[in-house]
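Chains as they are written, first to last, in the UniProt record's numbering: chain A, 1 to 551; chain B, 1 to 95.
Worth double-checking, as some hints may not be accurate.
Here are the simulated lysine-lysine pairs, PhoX-like style, with alpha carbons at most 25 Å apart [said to hold, decoys possible]:
1. Lys-191/A / Lys-80/A
2. Lys-477/A / Lys-29/B
3. Lys-290/A / Lys-190/A
4. Lys-290/A / Lys-167/A
5. Lys-191/A / Lys-37/A
6. Lys-167/A / Lys-248/A
7. Lys-65/B / Lys-89/B
8. Lys-89/B / Lys-80/A
9. Lys-35/B / Lys-190/A
10. Lys-190/A / Lys-37/A
11. Lys-35/B / Lys-478/A
12. Lys-37/A / Lys-80/A
Here chain A is said to cover these stretches of chain B; the calculated rule only asks that three of the stretch's residues, wherever they fall, bring their Cβ under 8 Å from a Cβ of chain A [what the hints assert, rightly or not]:
13. 3-14
14. 67-79
Keep in mind that the hints were calculated from the coordinates and are not lab data.
The model shown is predicted, which means the values in this text are computed figures rather than measured ones.
Beta carbons: idealized from backbone N, C-alpha and C, even for Gly.
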Amino acid sequence: MYRYDEFDETIVRERVKQFRGQVARRLSGELTEEQFKPLRLMNGLYLQLHAYMLRVAIPYGVLSSRQLRRLAHVARRYDKGYGHFTTRQNIQYNWPALVDVPDILDALADVEMHAIQTSGNCIRNVTSDQYAGAAADEVEDPRPWCEIIRQWSTFHPEFSYLPRKFKIAVTASPHDRAAVKVHDIGLILKKGEGGKTGFEVIVGGGLGRTPYIGHTIRDFLPKEHILSYLEAIMRVYNLNGRRDNLFKSRIKILVNTEGPENFRDQVEAEWEKIRDCDIDIPREEIERIKRYFAPPAFEALPGESASFEAARARDAGFDRWVRVNVVAHKVPGYAIANVSLKEPGRPPGDATAEQMEAVADLGERFSFDEIRVTHEQNLCLPHVRKDDLYAVYQALKEAGLAAANVGLASDIIACPGLDYCDLANARSIPIAQALAERFAASGEEEDLGELKINISGCINACGHHHIGHIGILGVDKKGEEFYQITLGGSGAEDASLGEIAGRGLSSSEVVDAVERLARFYKRERREGERFLDAYRRLGHDAFKGAIYADA
Amino acid sequence: MKAITGNRLTDGVVVYLAPDGTWTERLEKARLFEKEEAEAALEAARRRVTEIASVYLIEAEPGGKAAGREALRETIRNAGPTVRPDLGKQAAGPR
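Whenever a hint applies, use it, and build me the whole structure from the sequences.
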């Protein structure tokens, strides 16, 4: 894992000190709320329905046990005993007091954490594949590149007042687990001619009120040029992105208004001007950062584990958990263990302080001290010996974290919705809970296979409903909550935007409608076909019919 | 009728302007204004910058029930998250 150097340490400490002063000036009345708001937002502090909300950065979703324990400590000491993991691999606290926030930030700084780049019109926290460094299918570890981008983007003076927020995601696998095609910039590390690796550069994707799939503006960028090329993109956007209309200020609008070819030409022209200006990171520095992400000391193990197989044969619950939540590791004898934060009936992505500590302990004992946060609001232990999986499972079960549903229907992505969020029009969590309970009780979840359900409580789409196989958008109709279903979205390598299926449904109708969709799929599917595949084969109208069948 | 609500500066807790001019945490105890006098009262409340981080008018019925288009939102603000009855003001139990 990356460790702070003196520069990182200094800028984080100075930022906390500066914010402590700003909070004091706000409390004394020297600053008005209008003056203070942009300052608190630059430190991840929002004002929501019930209280302030503090969003803490987890760069590219990577945590050490010590850091996760500190997040648990903050939840217990300064909040109400839990935290909420987000679709951008961050954590949010829903109840911090303003007067405590400087102390919270100091407590986080002790473990090399902060709330920088979690809000405001800057380049936000970079996200990545939660299986980085462990996935059997990756070209190389994307984390050193994420860290390089983090260092370049943190407090970048030219890009501190962009037209709007800016999100970059990086993956290094053909199977995209980072939703790179729906980010402002998506980067895919891949092999090019002569076996060298470089980036495919995708620009202008995004969700929200005007969703777009990104456009590839460069098939292959030699990776040592990544920073100068990103800088060229940012310059074109910073100059030409709209600042007069909040709803048209994201790069996706610029790219799609000007046309991706035209946009690409502008970027390439800018890049020609700056590519030799020492923006790119020197080779020695790349190597230095890569060393932080050197693989842990994996043991030479046989691919199979007799004790693991015996436990699977003995314990059906464990066997199911392995089938659903455990993923192949690139090193023989190891596995990637997903920890679901979607126990049916609980708010998606929430974890108590005790649960965070339980996962921190498991990370320390069984996963080389590493824990990952996924953009699907789960956690992950990236490097577990197969021999240890049963012990991990038992401890997770003890902590209420052994739901075997990762990627299944009850693994629902949902924004906080009107239960917490100031922007929401409708509640998301109760719909997620009702659906998850319905699917879990049916006993058919595993048979239904991969089924991604995403719920957003407003058009800003924090629950990424456009890219759910089934998306649900909460709307407000004359003070009443209604839910609009979209079908056929995907945030993976086969990215697509869901299509709206017709009139909104009441909260009592929507759960039945989604169940009918699942039943329709089950009846119509062919061998090996996922929900999304069947939807794409049979078409929108066939599935739409199922929604309104008995409504 | 209208009530004046906001979030307390120090901790963000939802508060309402009470008849005695202080802030109360309960909509049930809020002062209710006729529409005409509400705007002037809101203007006065806005000047209390060291007490509150936000302030605006809501519709409320006598007895402290949120009303109008934003009734659900304001009911949730007054009670707490519907999915966590152990949190927010509802955690204190029946009033």
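Could you check the structure against the hints above and give me the numbers of any it violates, in ascending order? 1, 2, 5, 9, 10
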